[in-house]
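*Asks:* Each chain, letter by letter, is given below.
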Amino acid sequence: MIATIACQNLFHDKLRLVVTLTGIVFSVVLITIQVGLFLGFTITISSVIDHSGADVWVTSPGVKNFDIALPLKESKYYDTLSVPGVASASKFITQFANWKRPDGGQESIQIVGFEPAKGMGGPWGMVVGSTDLLDLRDGIIPDQLYVDKLGVPRQGEVVEINDKRARVVGFTRGIRSFTTSPFVFASLDTAWRVSNLKPGEFTYILVKADKGVSPEALRDAIRANVQDVDAYTTPEFSWKTQQYWMFNTGAGAGILIAAFLGMVVGTVIVAQTLYATTLDHISEFATLKAMGAPNSYIYSILLAQASLSAVLGYGFGIAISIMVSRFSDFSATAIVIPPLLAGGMFFLTLFMCIGSALISIRKVMTLDPILVFKGR
Amino acid sequence: MTEKIAIELRDISKAYGPEGNQEYALRNATLNVVQGEVLMLMGPSGSGKTTLLSIMGCILKPTSGSLSVAGRDISGLSQQALSKIRLDNIGYIFQEYNLFPTLNVLENVMVALDLRGYSRSQARETAMATLTDVGLDDKAAVKPATMSGGQKQRLAIARALAGSPKVILADEPTAALDSVNGQQVMDLMHSLAKRGDRAVVVVTHDPRTVDFADRIVTIEDGQLYPQPHNGAKAPERKS
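Heads up: the protein sequence lines correspond to chains X and Y, in order.
Sequential numbering of the first sequence, starting at 6, is according to my numbering.
Sequential numbering of the second sequence, starting at 8, is according to my numbering.
To be clear, the hints were calculated from the coordinates, so they are not data collected in a lab.
Note that CB positions come from ideal geometry on N, CA and C, so glycine has one too.
A couple of the hints might just be wrong.
Lysine-lysine pairs mimicking BS3-like chemistry, simulated, CA-CA at most 30 angstroms apart [as the list claims (entries may be wrong)]:
(1) X:LYS105 to X:LYS216
(2) Y:LYS68 to Y:LYS91
(3) X:LYS19 to Y:LYS173
(4) Y:LYS11 to Y:LYS146
(5) X:LYS216 to X:LYS123
(6) X:LYS368 to Y:LYS11
(7) X:LYS154 to X:LYS69
(8) X:LYS105 to X:LYS203
(9) Y:LYS146 to X:LYS368
(10) X:LYS203 to X:LYS213
(11) Y:LYS201 to X:LYS368
(12) Y:LYS146 to X:LYS19
(13) Y:LYS150 to Y:LYS173
(14) X:LYS203 to X:LYS368
(15) X:LYS19 to X:LYS123
Quick look at which bits of chain X chain Y covers, simulated, 3 or more residues with Cβ under 8 angstroms [to be verified]:
(16) 104 to 112
(17) 369 to 378
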């Protein structure tokens, strides 16, 4: 009967139910989208590192993140190659550059130069063309998500990067940039030609470990044998870059604060509407108390109401969030909702609604059954 | 045959307000209510009828005196224990019915049984039987809002009877009803009291109902004045 009473109390006043559910849905969508954005940004920030296929990244000393790098001397490449446990090493460039669209407009891009033959640091998710075409002297590969921004709708378009000619030889799908400058992949030679680096300069050395050598051991060996460089395993450099953008710059904190505010606002709305529903039914609760219902019976009704609201609100909220996430696949901003987030949101919603019901429980706890007698 | 006492009040007083400036709603009330009788508490507004009913129903604690319900002294019991006494022994009927508007007629009765630990199927069966007793079996699926005042009060009676309590306390059960419905409700309460050997206490100032009383107690300024016999007019008292 507790579930029946809870259901009927909720569905009796449909307008109030809509207000309650709106509050929960608003909260679920806001929190899920904000956390999804946080995860999306975090994945985006380090996507080139995570997809590089390298075991260790060698950087100039003091580099804090992938995007803002300092040049390394060519001698460091050979020093690294000579470290025991290195199977192969590859020079890698990332540099911001000016992109002149075919229609004359200007954009900022991040040129990524790699050695296609070494199989490290290249693009993934090719949908048009092939990385083999990067062997052409001026070949570049941007991402389809940025075709409007870069003004290159099709393969074969000719553009200028830092006033040097380049030609689109293919497209990837889904390589996003956390900064406003899209990644444009090129061979090391092309990257040297169009970037501001001197010939022979590069920003990273990507290293593959010999079979049986762990990335950590290789990292330590490089640190010990190569002077004036930093070395990180791929997960370490990925985390270092994520940490820099999400926490050192405050970008991540802003997103998390918005998610927290979503939870607070949702909780307040739900608490208010559940409390109003409790007040609406206060004479019935007093009647139950007069009839001899233990407090636990009435609390169970309130908790069932809150839980039912949570389930309904979560259902609608997560469906909307997943829809928004699907739409984000076609945009430069990724909203990632992994099963853990979706599942975690259910328990957070339940916690939020049950927490909101505590105010109503407090009201009922102090309710005097004498109220049932008219005129008291 | 020995009469079984359902409710026993000894020197019950109830005072409101701060100490030293207290106002007494009830003074030294002593009264026994036996099973199978319909007792009417009559008196003007503010005389203490509802206070007395609330104390008999273990909802309000007296300031002094002792109270026994179904042979158990309830003085000094905790709220939790009092709730259990109410649940096990007392059914209530209210002037404003106090039905659960979101539940249908059957569910309104089932709640009282659910509280007493009946399973859902037992509660459904017993509730239907009780609704048949009060002539509402054909209304089981409807919501109380669609019913007349008389039907609502019969539903309230059914809910009070569910679980077979030994005591039924009714607060102005006919106040919101016309004379025909009022008579029907009192008739129903009277017959159910007799059939189930229950003690029925009715607070009323509706003179149309006195014919259904086995005993009348008048209350004025918090003091009880037992009447000599059914239907007798209350004696004149000094003001």
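*Asks:* The structure should be examined with respect to each hint, and the outcome stated for every one.
*Replies:* Here's how the hints hold up against the structure:
For the hint linking LYS105 of chain X to LYS216 of chain X, the alpha-carbon distance of about 44 angstroms lies beyond 30 angstroms, and the restraint is violated. Of the supplied pair hints, the one linking LYS68 of chain Y and LYS91 of chain Y holds, its CA atoms being roughly 15 angstroms apart against a limit of 30 angstroms. For the given pair, LYS19 of chain X sits about 40 angstroms from LYS173 of chain Y by alpha-carbon distance, which is inconsistent with the 30 angstroms threshold. Restraint check: the Cα-Cα separation between LYS11 of chain Y and LYS146 of chain Y comes to about 36 angstroms, which exceeds 30 angstroms; the hinted pair is violated.
Our distance criterion of 30 angstroms between C-alpha atoms is met by LYS216 of chain X and LYS123 of chain X, whose separation comes to about 16 angstroms. Proximity of LYS368 of chain X to LYS11 of chain Y is assessed by CA-CA distance (about 40 angstroms); at most 30 angstroms being required, the pair is judged violated. Between LYS154 of chain X and LYS69 of chain X, the direct Cα distance comes to roughly 28 angstroms. Compliance with the 30 angstroms bound is thereby established for this hinted pair. For the suggested pair LYS105 of chain X and LYS203 of chain X, the alpha carbons sit about 21 angstroms apart, so the restraint of at most 30 angstroms is met.
Annotation: proposed proximity of LYS146 of chain Y to LYS368 of chain X is violated, straight-line Cα distance about 34 angstroms (limit 30 angstroms). At most 30 angstroms may separate the alpha-carbon atoms for a hinted pair to count; LYS203 of chain X and LYS213 of chain X meet this at roughly 25 angstroms. A hinted pair counts as satisfied when its Cα atoms are at most 30 angstroms apart, and LYS201 of chain Y with LYS368 of chain X does not qualify at roughly 40 angstroms. A C-alpha spacing of about 24 angstroms is found between LYS146 of chain Y and LYS19 of chain X, which places the hinted pair at or below 30 angstroms, so the restraint holds.
For the proposed pair LYS150 of chain Y and LYS173 of chain Y, the alpha carbon gap of about 28 angstroms is at most 30 angstroms, so the pair holds. Between LYS203 of chain X and LYS368 of chain X the CA atoms are separated by roughly 74 angstroms; this puts the pair beyond 30 angstroms, and the hint is violated. Between LYS19 of chain X and LYS123 of chain X the CA atoms are separated by roughly 64 angstroms; this puts the pair beyond 30 angstroms, and the hint is violated. Only residues whose C-beta sits within less than 8 angstroms of a C-beta in chain Y count toward coverage, and the region 104 to 112 of chain X has 0 of them, not enough to reach three; the restraint is violated.
For the region 369 to 378 of chain X, the assignment as covered by chain Y holds, since 4 residues bring a beta-carbon within under 8 angstroms of that chain's beta-carbons and 3 suffice.
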